[in-house]
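J.: These two chains come separately, so use the hints to put the complex back together.
Listed in order, the protein sequences are those of chains X and Y. This note's numbering runs 230 ahead of the 1-based position in the first sequence. This note's numbering runs 39 ahead of the 1-based position in the second sequence.
Incorrect hints may appear among the rest.
[Said to hold, decoys possible] A few chain Y positions that, by computed beta-carbon distances, are all more than 10 Å from chain X:
id	residue
1	Gly97
2	Met105
3	Leu173
4	Glu212
5	Ala365
[As the list claims (entries may be wrong)] A few chain Y residues facing chain X, derived, Cβ under 7 Å:
id	residue
6	Pro297
7	Ala304
8	Ala308
9	Asn445
[What the hints assert, rightly or not] Here are the simulated distance ranges between beta carbons:
id	chain 1	residue 1	chain 2	residue 2	range
10	Y	Pro409	X	Pro401	39 to 45 Å
11	X	Leu286	Y	Ala383	53 to 59 Å
12	Y	Gly262	X	Val415	41 to 47 Å
13	Y	Asn381	X	Leu286	51 to 57 Å
14	Y	Gly271	X	Leu286	31 to 37 Å
15	X	Val397	Y	Asn381	50 to 56 Å
16	Y	Glu400	X	Ala313	56 to 62 Å
17	X	Ala313	Y	Asp127	30 to 36 Å
Just so you know, the hints here were simulated from the structure itself, not pulled from any lab data. For glycine and all other residues, C-beta sits at the position ideal for the given N, C-alpha and C.
Each chain is listed here by its residues.
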Amino acid sequence: MSAATETAARPRPTAAAPRTRAMSPTRARPYTPWLFLLPYLTLFAVFVVLPAVLGLWISLHEWDYTLEEQPFVGGENYADLFAAGSGTSDVFWESMRATGIFTLFSVPLLLVLPLLVALLMHRRFPGRNFFRAVYFAPYVLGVAVVGLLWRYLLDSNVGLVNFTLGVFGLPSDIPWTTAVPAAWVALVGVTVWWTLGFNAVIYLAALQDIPAELYEAAAVDGAGPWQKFRAVTLPGLRPILTFITINTLIASANMFGQSYIITQGAPGRETRTAIYQIAETGLRNYQMGDAAAMSYVLTVVLLFISIFVFWLFRERDAKGEKTGARR
Amino acid sequence: MIVRRHRRMFGTTAVLGATVLVASCGSPQAPASDLREFAGSYDGPPVTLDFWNGFTGGDGPYIRQMIADFEKEHPDIDIRATTQEWGDLYQKLPAASFAGAGPDVAVIHVEQIGTMVERNVIEPLDDLAEALELDADDFSEQVWEAGEYDDARYGIPLDVHSLAMYYNTEHFEKAGITEPPTDAASFQDALERLQAAGYETPFWMPSLWPAHLIDLSLLWQGGGEPYSEDGGEATWNSAEGVAGLEWMRSMVDDGFSPDSVAIDAQYVAFKNGETSITWDGIWQINDLKDSGLPFAAAPLPAVAGEPAVWANSHQFVLGRHALTDADKNDAAKVFIAWMSENSAEWAGAGMIPARASVRAETMPGSVQEPIAEEIDALRFLPSIPGVGAIQADTLEIAVASAMLGNAPPADVLDTEAARADAQLQANLERFGE
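Okay, chain Y solo, but in the shape it has when bound (with noise of 0.2 Å):
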């Protein structure tokens, strides 16, 4: 930051130090002797929670009216919510745990749970599953299984959540478009159509988020996977990623899109009507519908072969804070428990419940019915060590260097991914012991 005055030569330094002094004034706990077994409630005496998530958008109500209603069921649990940026949260969450003063309860997302279990911050949570008999009958397979790391549970899923294609549904009226495109023909038609009835830049493509998560999208549809099955690779430079990215600058190339297409822009021209399709997270959808939009949202086509397409999920974790005391142990689990069979009103933020019954009673009607039907199609990034920061500093400099034309798709992944194995190779070192 330029021109704060007054800044020392040293500050630079100086920050880096002062981080990790305050992180060394701490130092891992030991978790109380008298934990006991998990009962399935509580009936300690009144306990306060600490609880942190990254819900600052429109999904923060929804969240914080789920506390009042658990708060109001258990009037000795105290829920303190803490919400902050998701970068942020995963950046203090290791130092807040290393200096003891990290959260009881946490929603990450599933892909930093093997980061934050390497680190030191969560628990697992085997006997909860066990204890309420959760397993993946009731979860879609895929994003149960996505909690586990190390063949132990750290994560109950909350919701799952994946990119979408929004569609203006008066420029499809105008265009002719009955049905939303599913494949790479019909989609292709869709975009000429558009054109011909005059929406001359129909489908916006983006450089920065979410592009790297449509590339992937794109990786996962033509049959490739993103990382080794061992951690440590990134295989997203194969054929098939090089052959999304390409498809992806085709649009610009093709006229469908404009050329540099900046942070952001591709959803404000959505929102603006000044283009037709845009790809983005169903966690939009709330702010879509405020818009007074007329859209509506419909699976990613299968572009590039069998329908597939990038998702997350919100996972509650037990930190490790809660360790310290028995009664916080249990009430943190008799939370989460509650939080996840409760999740209905979640639906609300426009995410999709990770239960099945909980699918059954609140998607029909809702505008996310048509991605939670094709909830198999749902594919979740693998939860290695430190991946979510080593994809941000190699996949997604790769897809802007690549959309806003400075370089060949296939070369800037190969350069790319030779960093992110290289950073991944030192993670499988330092955390292999």
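With the rest of the complex left out, here is chain X (with noise of 0.2 Å):
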């Protein structure tokens, strides 16, 4: 309720009391909202702004914190990962690839897998809740548990994947842990088992907020399913799409846990991600300068993204309206 309907509805203040009405305790001042924000802004300042300029002052140093100086280098960090033979640039932008390839096969079924899913989840059917429970529990697992699980699971010769595989016939000596591209197989799958209920819900959630009666007048109209899908469900899900998208994207840009735990990095280095790089680089080798600009430049192309990502949704936005008006 603004401040302007608040004075409206009660009895007018003469013009010889103007004071009271200033003094008025539900009255908005202006720093009401700022007080409000004031215990997320403290955390927000202290463990996001603060760390993010501090990182990027590491990244001018040779940083290694347990010593007495940390000479000041400028851009040598950045040169180096530019610069092609260095002692980071190599291993850095390997890893880079790596978390590439994983974006580029999680996301797709990380959007796709978790709409079935919760239009599925959606339909009336008995045991609805204890399905829709089925497929969010592996979410609330930890990374640490989901990571050993599977390790073992998946192991080429004492794992059960392989022989159940075996048991059907099929081939069951897969190295799901130490050969690409049967280890990115693997990673993007448990990824997707592990993660696909998070994207389901917030479908679910705003599958629920169609309103039914554009599905009743599409098919008063006459639309079939598919029909009802493209032009009722799809718009509907629009506006949580750029979140589910972005979120889906840098989640899986961060990936560090499956690879760490699964194959630790096996073949070689070619399942270490970006993470993993700058958290070996940092924090075991105390190369924090390094480290500090690997994540920088990880920071950049995933802003580029983002940008990206939310362009193209906007883009769609627009034509959609435009066309609207015309009709």
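T.: Next comes the structure, spelled out in structure tokens:
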């Protein structure tokens, strides 16, 4: 309720008493919203803004926090990343490639499969809540649990997955954790199994928000299931689609735990993702400057991809409005 | 880690930044001004010591028993033990010490000593060794010298532990093998007999841990050394190193091991009786005993030349934190001395006590006895600053790639050795001043 409606609903203050009006306890003071935001802003400033700025500062140094001196090196850490043959560039770009491969294959699956699950769970059938819980359940597990579980299940020589394949007469010697591309199939598969529930729940919430009248109207117009899906469901989901896409994209680009635990980067460094490499460089080898530079390069790449996604979805919205206006 | 939702784009940088931020809240402490000469005993006021270690496995109960015994004898000294994975321990030690929250006493692996000295985590213990008249005589010379860095003593050895050859005694009996193999010819013969007896893949060769420890053992057997004297160059890509790794890969090519053995698979297979021989650390003894498997342990056969095996040693070190308080400093040294003298209990954890006197008392009849007898064959990594992390990021990758058949051993060893050289050189410059 805004201040204007508030005063309008009250007996009109007389001109003789402007002061009491100014001191009204219900009137919003200009700093009220800031006070409400303060707890979050404090956390945001301390744990996001400050470290991000500090990270930029660190990336300009040869930074080893256990030593007394942190020599300033300017853009050298960045230059090294773009100079072939330097200590950090080869492994970094190899890890960026790994992140790219993982993102490329996991994001489409994580956009489409949860939608199918959500459409299924949106229907009325006995035991619906049970199945909803079943699909969401893996998401509750931590990455360590998921990683260890699948590391043993997927083991090429003693794992249950290959054993089961063998029982059905399929090839039973697939190196799920020790060779590409099988390792990518395993990592993407495990991630989809693990996180599918989260996107599905968001889709489900959005589906429940689409007014039933629209479907009724479509039915009256003689629309079949596919036409209803295209003309009603998809446009209804559009607002959250941007969120889901960006969120899934960034989550996939930040993949670390699965390859750290399941493949340990094997074979060689091929499934070592960017975050994995950054953690190794900064936290294990104490090259915090190099690691900070790497994470800024990754950040910039993600920034551009996110802008592209926003642009992609906005463009379509604008077109939709135009065609809508013409009608 | 994927999908912790609401992850912001600055997340990764923020984590790194936050770590530094936390670490930089403290600053290296100044030592207390009234530190006294170590007297050999403690009679000050009650004191609590922070003791960090990485005994998370079957060795945990034994260290806890030793601590309990110590506290019973020293009612004035309370030990607050913190146990975490070794990998985490080595990451947190420098950060915690820098922030003034490090331990008073810790146990670390011997090759970490150089790293921890250079990162200002630990302090010399020469006075303790002098006061207790400890010297190389009561320890094996190699392990005693390994606790020194830059002409000062930093580590008091608790134990030595190495790789061992575990074999399934039932399989050996069926294959008609009476003595554990000791060299290349007898090992080859044993593998062939086991195959003839129906054990198709008798010796699973891992691609990850402990594959690089096997590789180092073979390098030493062939007469090579992993690093140059000054610690500025990796030499595990020498002819001996290449030969060792080629032999490891030949186990797969010759059909004694399946291909693509992933992490821990060879050990699981051994416990399940799927493979007859595995080379692993002696710290697995209790786990194997509990599994009920009919097994025995023997020294690694000298398949590449002379008997030699990768070994390591748990060493007690004095944390920088203990210097802030004279009482803590004394109590910490009393604790270290007592733990070293009373390490008989530790043999139960599957380890080999470092002291000759304790060994003579505890080893006869134990599973690890055959390995303890070969104590002169043990080889330790030199205590080069940063060597642990560098090796994990270079040698382990090379061994894994070669074992998975992705690259010829010589090529991949050369590539990774060049990377290791660059990092070692950078460390020499960093710590050189």
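J.: Would you mind marking each hint as holding or not holding in the structure?
T.: Hints versus structure:
no. : hint                             : verdict
1   : Gly97                            : holds, 18 Å
2   : Met105                           : holds, 30 Å
3   : Leu173                           : holds, 29 Å
4   : Glu212                           : holds, 24 Å
5   : Ala365                           : holds, 25 Å
6   : Pro297                           : holds, 5 Å
7   : Ala304                           : holds, 5 Å
8   : Ala308                           : holds, 6 Å
9   : Asn445                           : holds, 5 Å
10  : Y:Pro409 to X:Pro401: 39 to 45 Å : holds, 42 Å
11  : X:Leu286 to Y:Ala383: 53 to 59 Å : holds, 55 Å
12  : Y:Gly262 to X:Val415: 41 to 47 Å : holds, 44 Å
13  : Y:Asn381 to X:Leu286: 51 to 57 Å : holds, 53 Å
14  : Y:Gly271 to X:Leu286: 31 to 37 Å : holds, 33 Å
15  : X:Val397 to Y:Asn381: 50 to 56 Å : holds, 54 Å
16  : Y:Glu400 to X:Ala313: 56 to 62 Å : holds, 59 Å
17  : X:Ala313 to Y:Asp127: 30 to 36 Å : holds, 33 Å
When each numbered hint is compared with the structure, no violation occurs for any of them.
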